[in-house]
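Undergrad: Sequence:
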Amino acid sequence: MLLTKEPSNKPDEITVKNIPQQMAQLSNWNLWKAEKRENEYAKVPYTLAGTRAKANDAREWMPLEKVSRTYLNKLNEYGGLTFLLKDNKAHVMVLDIDCHQDTQLVTVTSVLPVLTELLEDAYIEESPSGNGYHIYFIAEKPSRMNSKYYINANGIQPKKNEKTIADLEFYDFKDIHTMSVTGTIKGERKGRLINQQRAFNSLVNAIMPETSKTPQNVNGRLSGNTSSNSTMTDAEILEKIKNSKNLNSQEVTDLLENGYKNGDDESTRDYKVACELAFYTRDANQIERIMRASSLNREKFNRRDHYLLKTIEKALIDQTEAYARPMLKPEQRVQNRNIDMLRNANVAANRSEFENYIATKTPATPTKIANLDKALDGGLRAGLYILGAVSSVGKTTLALQIADAIALDRPVLYISMEMSRNELVAKSISRLTKVFSDSISSYSERDAKTSYGILDKERRDAYNEREHKLVSEATDQYYSTIAKNMYIVEGVGNVDAATITSLAKELKVQLSNKGYANPAPVVFIDYLQILAPIDPKANDKQATDTNVVELKRLSRDMDVPVFAISSFNRENYNTSVSMTAFKESGAIEYGSDVLLGMQFEGMEKHEITKSGGQKNIDNRKWQTEQRMAKNRNIELIVLKNRNGKTGTKVYFEYQTLFNYFNAKNAGNEVMDIR
1 MLLTKEPSNK PDEITVKNIP QQMAQLSNWN LWKAEKRENE YAKVPYTLAG TRAKANDARE
61 WMPLEKVSRT YLNKLNEYGG LTFLLKDNKA HVMVLDIDCH QDTQLVTVTS VLPVLTELLE
121 DAYIEESPSG NGYHIYFIAE KPSRMNSKYY INANGIQPKK NEKTIADLEF YDFKDIHTMS
181 VTGTIKGERK GRLINQQRAF NSLVNAIMPE TSKTPQNVNG RLSGNTSSNS TMTDAEILEK
241 IKNSKNLNSQ EVTDLLENGY KNGDDESTRD YKVACELAFY TRDANQIERI MRASSLNREK
301 FNRRDHYLLK TIEKALIDQT EAYARPMLKP EQRVQNRNID MLRNANVAAN RSEFENYIAT
361 KTPATPTKIA NLDKALDGGL RAGLYILGAV SSVGKTTLAL QIADAIALDR PVLYISMEMS
421 RNELVAKSIS RLTKVFSDSI SSYSERDAKT SYGILDKERR DAYNEREHKL VSEATDQYYS
481 TIAKNMYIVE GVGNVDAATI TSLAKELKVQ LSNKGYANPA PVVFIDYLQI LAPIDPKAND
541 KQATDTNVVE LKRLSRDMDV PVFAISSFNR ENYNTSVSMT AFKESGAIEY GSDVLLGMQF
601 EGMEKHEITK SGGQKNIDNR KWQTEQRMAK NRNIELIVLK NRNGKTGTKV YFEYQTLFNY
661 FNAKNAGNEV MDIR
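According to my numbering, the sequence shown is numbered sequentially starting from 1.
Source of the hints: derived by calculation from the structure; they are not laboratory data. Yeah, the Cβ is synthetic: ideal placement off N, Cα and C, and Gly gets one too. A few of these clues could be false.
Computed list of lysine-lysine pairs in BS3-like fashion (alpha-carbon distance at most 27 angstroms, straight line) [as the list claims (entries may be wrong)]:
hint, residue 1, residue 2
1, K664, K645
2, K630, K664
3, K640, K368
4, K645, K605
5, K537, K89
Here are the simulated distance ranges between beta carbons [stated by the list, open to error]:
hint, residue 1, residue 2, range
6, I185, S502, 26 to 32 angstroms
7, R289, T609, 49 to 55 angstroms
8, K484, K54, 31 to 37 angstroms
9, R198, N539, 17 to 23 angstroms
10, K541, R298, 42 to 48 angstroms
11, E571, D377, 30 to 36 angstroms
12, N464, T609, 48 to 54 angstroms
13, G50, R144, 36 to 42 angstroms
My request is simple: use the sequences and hints to build the entire structure.
TA: Quick look at the structure:
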């Protein structure tokens, strides 16, 4: 917003340290100057070179550390620091509140109480003018939402007038917009931003509620106090439909309870039922669950063209109205929940479900590493796989190699919390140059390139004709085969397991009409311990436990392999791999379906112990030699396999320069891990 006076809040050497970590890590920063235009001041972005910054040119935006250093040396020249929302990788969003008539933040929350939940965990600072507040959090603005709203003492108003007490402006990573950042915090200091999509959605619903059916516009379906934000159980939805006097609802009840009649167009009836359910819930999984538990369930629901999913998706799009549900007493909600949980609990009544499960179960997805596939009984199946190792053993490199192999045939969602997309692509192309140089006679071993050899333009300009051809062929091969099925999401402290679940489901929906036999992606996470906590108040162990449980649920609900990398406890860096070596190992050990550990080949004979003496010195030297070697002998051990053999070892030569795990031809060996 424009200033009506010279800025009163400006960053200084102390307040700049209040800026949350996710924002501080981004190269989305510049300076700004207050330039007077008639009776107001515009906050104009400037580069470090002293020229006006363009919001649509990423090259002109710099890291906070560099910008703040320049600013602190030129305090009298600039008004402060400015942050570019557009394309920020942390998905930082801002609510800019401009107060009128000396309105305070507490007054705004009294008019809009739902805002309170968002403020609890958001980073709040006073605006440069001192007349407003900038509220930062992680979320995404819905496309139907405007950028600007107004409130008066009675709530949201369509236009600004003399009774307006505050303007509300919303901007996220899709908006070309800059925000001045002062560091002058309001309330508690927040070192990190957290994902507040749920709290923000509640605010969105309060500002611009969905069109809801009410007693005035729907044949008496509703009465009494209602709450549009509540989620009903399956039992509540079915009861509502059954008790409705609406003829359409009565027909749907008959279909759910008794199935189709002779001569029915079954697809039309399925769509009708899905639309009725979409009126009561926007949860596609809940709609599917209700329809599968009804008399409509049949073989067509299990078709590989995802007939049922497509029907539900169409219903959710076409059903533009939503039910505003009455408030329930706590004991009624508990009873309805219990009814739902017991509805299909009897095993004897669900034999057909078991047989359908077998018929439609996704087969193993090969890793295309023969010995590893043999150890895993064919490859990766639906379940949670966790791979752990110390640094320098090649966890990311092996996971990426497996992901690339899978992406030849089906979609892969790769969540990278440390490396950028371009760095990962360079590792993959580097591996291909090694494979090509080993297998194509026109190339020699010296032609293969490292990741830096792929990314460094000066090096590439110096390559001879043969080297240029090799890099070009490897790049073409990557983009014509692997890349088309590979989706790499860069996480910057803003991705938790719940976000990954949401991304995987959305990707499946987007790919459902693209001709895939199975559009559900295989999910890779690199790595587990730096996922954002679902609960910001959780400690490290609680955060890891919760994320593991959510990832396990993802693998089960979507029937896909989920492959996560884990770090080891520091005290296990110099000992053989074991289940207890995994950092925050409780949920990892019990929640995983398959637990894989990597170490230097022969590590069990070269452990460093408390009473090792001279042997410790020799073993430390051996371990150092392994870490320094260009080609490292690595063994992967199956520590846990919920549905198969444990203790199997798979051997590799890890060619570190070229990001390549070359499987050794020796047969797998089984070790005693009890």
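Undergrad: Quick check on a hinted range of 30 to 36 angstroms for E571 and D377, using CB atoms only.
TA: 33 angstroms, holds
Undergrad: Against the 27 angstroms threshold, does the CA-CA distance of K645 and K605 hold or violate the hint?
TA: 24 angstroms, holds
Undergrad: Could one say that the CB atoms of K484 and K54 fall in the range 31 to 37 angstroms?
TA: Distance hint for K484, K54 holds at roughly 33 angstroms.
Undergrad: Would the pair K537 and K89 pass a check requiring their Cα atoms to be no farther apart than 27 angstroms?
TA: Measuring from Cα to Cα gives roughly 23 angstroms; hence the hint holds.
Undergrad: Holds or violated: the 42 to 48 angstroms window for the beta-carbon distance between K541 and R298?
TA: Between K541 and R298, where Cβ atoms are some 46 angstroms apart, the hint holds.
Undergrad: How does the Cβ-Cβ distance of G50 and R144 compare with 36 to 42 angstroms: does it lie in that range?
TA: For G50 and R144 the Cβ distance comes to about 41 angstroms; the hint holds.
Undergrad: Can you let me know if the beta-carbon spacing of N464 and T609 is within 48 to 54 angstroms?
TA: 51 angstroms, holds
Undergrad: For I185 and S502, compare the CB-CB distance with the range 26 to 32 angstroms and indicate the outcome.
TA: 30 angstroms, holds
Undergrad: Does K645 sit within 27 angstroms of K664, going by the straight-line distance between their CA atoms?
TA: 20 angstroms, holds
Undergrad: Does the hinted range 49 to 55 angstroms hold for R289 and T609 at CB?
TA: 53 angstroms, holds
Undergrad: Would you check the hint for K630 and K664, treating anything up to 27 angstroms between C-alpha atoms as holding?
TA: Judged against 27 angstroms, a Cα distance of about 16 angstroms means the pair holds.
Undergrad: Does K640 pair with K368 here, judged by a C-alpha cut-off of 27 angstroms?
TA: Answer holds: K640 to K368 is near 21 angstroms, not above 27 angstroms.
In summary, the structure agrees with every hint in the numbered list given earlier.
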